[in-house]
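**Q** Given next are the chains, with one letter for each unit.
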Amino acid sequence: MITNELKLPVVNESGFYEIRMESIGGLGANLAGKVLAEAGVLNMGFNGSNFSSYGSEKKGSHVRAFVRFCAPDIEVRVNSPVTEPHLLAIFHENLAKSAPVTQGVKADSIVILNTSKNPDEARDFLKLYAGTLYCINAMKIAVEEKTRVNTALLGAICRASGFLDPAALKDMIAKNLGKKYASLIEPNLKTFDRGYHEIVSKHFKPDGKYPYIPFTRNGQKIGYFNQPLGGVIPNAGSSINKDLSASREGWIPVLDRNKCTSCGECDITCPDYCFVWEDGVDKKGKPTRILEKIVYKSCKGCLRCVEICKFDALTSHKEFEVDKTIIEKGYTE
Amino acid sequence: MRIETDKEEKILQGETDNQTIDFRSGNEMSAIAAAQINYHIMGYYPITPSTEVAEYLDEMSANGEHEVVLIPGDGEHGAAGICYGATTAGGRVFNATSAQGLLYSMEQLPVQSGTRYPMVLNVVCRTISGPLNIRGDHSDIMMALNTGWIILLAKDPQAVYDMNIMALKIAEHNEIRLPVIVAYDGFFTSHQKRRIRYFSDKGVVHEFLGKIRIQNCSVDVNNPITIGPYMNDPDLINNKKQQSMAMEAAYKIIPQIYKDYADLSGRRYSMVERYMTEDAEAVLFILNSAADTAREVVEKLRKRGEKVGVVYPTVIRPFPANEIREAVRNAKAVLVADRQDSFGGWGGNMTIEVKAALKDDPQNHSLILSRIYGLGGKDFYAEDAELMFELALDAARNGRVEVPYDYIGVTPGDPSFTFEKVRAPITEKESSPGIIKVSRDEKTGKVEAKGIRQAELTAMPRRIAPGHGACPGCGIFPNVGTFLKGIEGYVVMLWHTGCGMVVTTGYPNTSFNITYIHNLFQNGAATLSGVVEMYKERQRRGEIPKDQDITFVMVTGDGGLDIGLGPALGTAFRNHHMIILEYDNEGYMNTGNQLSFSTPLGHATSTSNIGKVGKGKRFHHKDSAQLFAACHIPYVFTAVESQYKDLIRKAAKAQWYAKHEGLVFGKVLSACPLNWRHPDNLGQEVVQAAVDCNFFPLYEVEHGITTINYDPEEKNKKIPATGWFKLMGKTKHLLKPEFKDIVDEFEREVERRWRRLKAMHEHPLL
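In the order they appear, the protein sequences are chains P and Z.
So for the first sequence, numbering that gives the first Met the number 0 puts the first residue at 0; every next one is plus one.
So for the second sequence, numbering that gives the first Met the number 0 puts the first residue at 0; every next one is plus one.
Computed, partial: chain Z to chain P, Cβ under 8 Å: (1) 412; (2) 414; (3) 508.
Quick caveat, the hints were computed from the structure, so don't treat them as lab data.
All C-beta atoms in this analysis are idealised placements derived from N, C-alpha and C, irrespective of residue type, glycine included.
With the rest of the complex left out, here is chain P:
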């Protein structure tokens, strides 16, 4: 099927309309990029390309997906990542805390953020220079429809782009789910529609509130003059400083210290070593180990600890409903 007239609203020097998705492994940005590009090339008739950033990372780490569209008669000769996106989609707002996700966003860029915030709050959160900001609570939609955020974001991207044909995208979503996951087609199309319709937007002029963030490759502090020989890492255990909260997909465990018996089983099952223990005394005054708190910075929300806890001291909750002070303290009482 070839749909619509072939027209890109804006292109760069090389003739491309460029899309960048900033995401977390597991949220489906790679697949979203694929569906988007296939819809544009095979269903709408553009030429284009699609790829994702790859590393050794697993589910839960920063991933970027890129889509380029151009006129059908232009040859794609660029392999490098999109540095100045016409459209930027941020799949998880926590990413903005740890990665420069808004690099290259200009006054006429479109930015889509998966958030419960309104566009004014979201702009301040992102420290966005300018552009048209679209907010969509894709996490909420995905939890409600039992799907993933990527389809909701595809709906939002489609609407915000102003040129992508929703029918072309929905056709490609259905094709990708295919026979293997046929039962998922309907909820995903519904998720797409909700993403398409539930976006809220606001245009921000470059009013000087936040500076333009240019794309840069030269932020490395460790180079050939000071990299320890042979690639050795001299500071043992340094990953403890990493913030992995963006790896969570909407759910967190909450520790109720009143119910906790400090039995120690959560510490056995936790893959991310989030539990902090301290020396204390038990009810009889005997010295023992006491579970102090959960370090949420390290927690990926797998909920293994909730599964193992026999005392209901650890329970699962939707993260957006949990009081922020609990996350800061690491427990409730």
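Let chain P serve as the given structure and place chain Z on it in line with the hints.
**A** Just chain Z now, with coordinates in the frame of chain P:
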């Protein structure tokens, strides 16, 4: 419009009926070509980024779309052996690999070419270790220059398809008969989707290739021959001369095959492609995907009036020296960009070869600059190409080269930066809380560990820090973390390549609070053997205090015990004082869930797909615990995190045995929510079900005496295999009636192994 031929234009406009337009990646195109050719056999071993080729082929195979028999090797060396044997037996053979995989198979490559058996190998170019890096550069393919294989290059997914079809035709040509590599850029080409075209009817491909002409067949009973004799100096040099003659023939024949293919497809290739070189004063010589970026920049610079051009070969063995000489004859300066370095050779291999080619042309006065770029998959942006052109233009203008050889894209670093210590080293005292008491019963000779109290054991400092990048719910870290609660004192660890390793040590961060070594997973056990023996020898020489004690623990996935089994068994035979801990997640999860030898029968992986024909893995799971028990090492155990007290107890015993007697082997079943497809929170339930259906019995073997530690039948916990299978997406299909035979066969084998183990438990002599 940048359309090169009328035919091409017609194809673009959909006016041809013999090609399908699609949107595919390089790896997909490699697989499509292989499926259309319908090779007899693919011997392979998964390695990123080439793995997808086998995955796509397996998926197509599961749906009955081709007949290629996919044989997983025990490593790339084994895979190359499978391929070699298969080519001698008279069929068409295919393989795909990358980086270390190419190097590990390399011993076999000159055998393949020297005994003259054609086949096609796709090298999906990736950086060679170490340090480990999985992304794309050309450090691997340049190692293959001297193997006697023809090497074709494919710069984009379309070329991957086209070159794969032409490669086989070249390989099998009667005057050539050499194996052929098709090399394309890892990730940039392998994983980037582009609009492509392929023949709608595979018959077109078959007609182009013609029938295979079998020579020197190892299974022709009417014609007994000796393949691969011992050959002394009077003769060997002549065999090599023949190989050289075959390369000369290839040099003549490749352009003809390119032409025949262009007539068929509308896509024209030259051995050396030139872009705006006719009047160019500054030329960039660059390979594969980066050449596209360079072409883009040529147009930009031409608009500014700069006379620049690009040259990129589509074949580097045979090296198209004449065409290169011709392409740069009038260039004042040529910058050769190498995506690898021949360290100490003052340039990458292409620099050295281009310089050599130009030396033979007395008319040529081009100045040559060599620049190393894009190592480790560092992205190549238009600005990088522009910088290269500027350097070449400067040289052309000035008539001299200021800096003949250099790196671009490197960072000097911030001199004020220092690695901040986040913690003090773990002391022997703090890591010896004395909670567990280990002793040997002098009567039975058995070692016992008592006092396993998990709450108290939270006092044991973590040898692995939070902040690693494993998937939510990963089983590796509960397993290894719990195991380490049972190990007191200093620990040094070596981890094989695998999920656990890559997620803990992404530079410049590490999750290890103790000293950690990585080596590639063919060789970790041997490496740690070396560490252990050096430690002991230095203690003996008084260089390290004699009373100091380090427990050496090697951690491997089940994949590392497939490819690395030989060195691990060697370590067992030598009985070094160390522990090997295998986390078995039943597949190559780090590379994307390919089957391992530990994957159980019928289980679905990305190389044992379910489909019309595909029924999951075709053979039974490897039993590594019994393999090591057969080496008669002092202590072997199996454990699961859901029975954590048992796991900690075995860890404490393992430490005792490693200290006093020698090698310990332990195997833990490790949940992989991502690829087993179960909820992140249910890892313990799933591995316990594997125990309760007797698939993964919990036992230990001390001095050859087997003790089952948990008998599901006695505890009234025994469940059928389906009780385990229903918990995972990868086994859901096994619940369907049409898979009953496979489930029955699985249960028969599990029962047989369990009964045998019970007999061993009951009889100390077994």
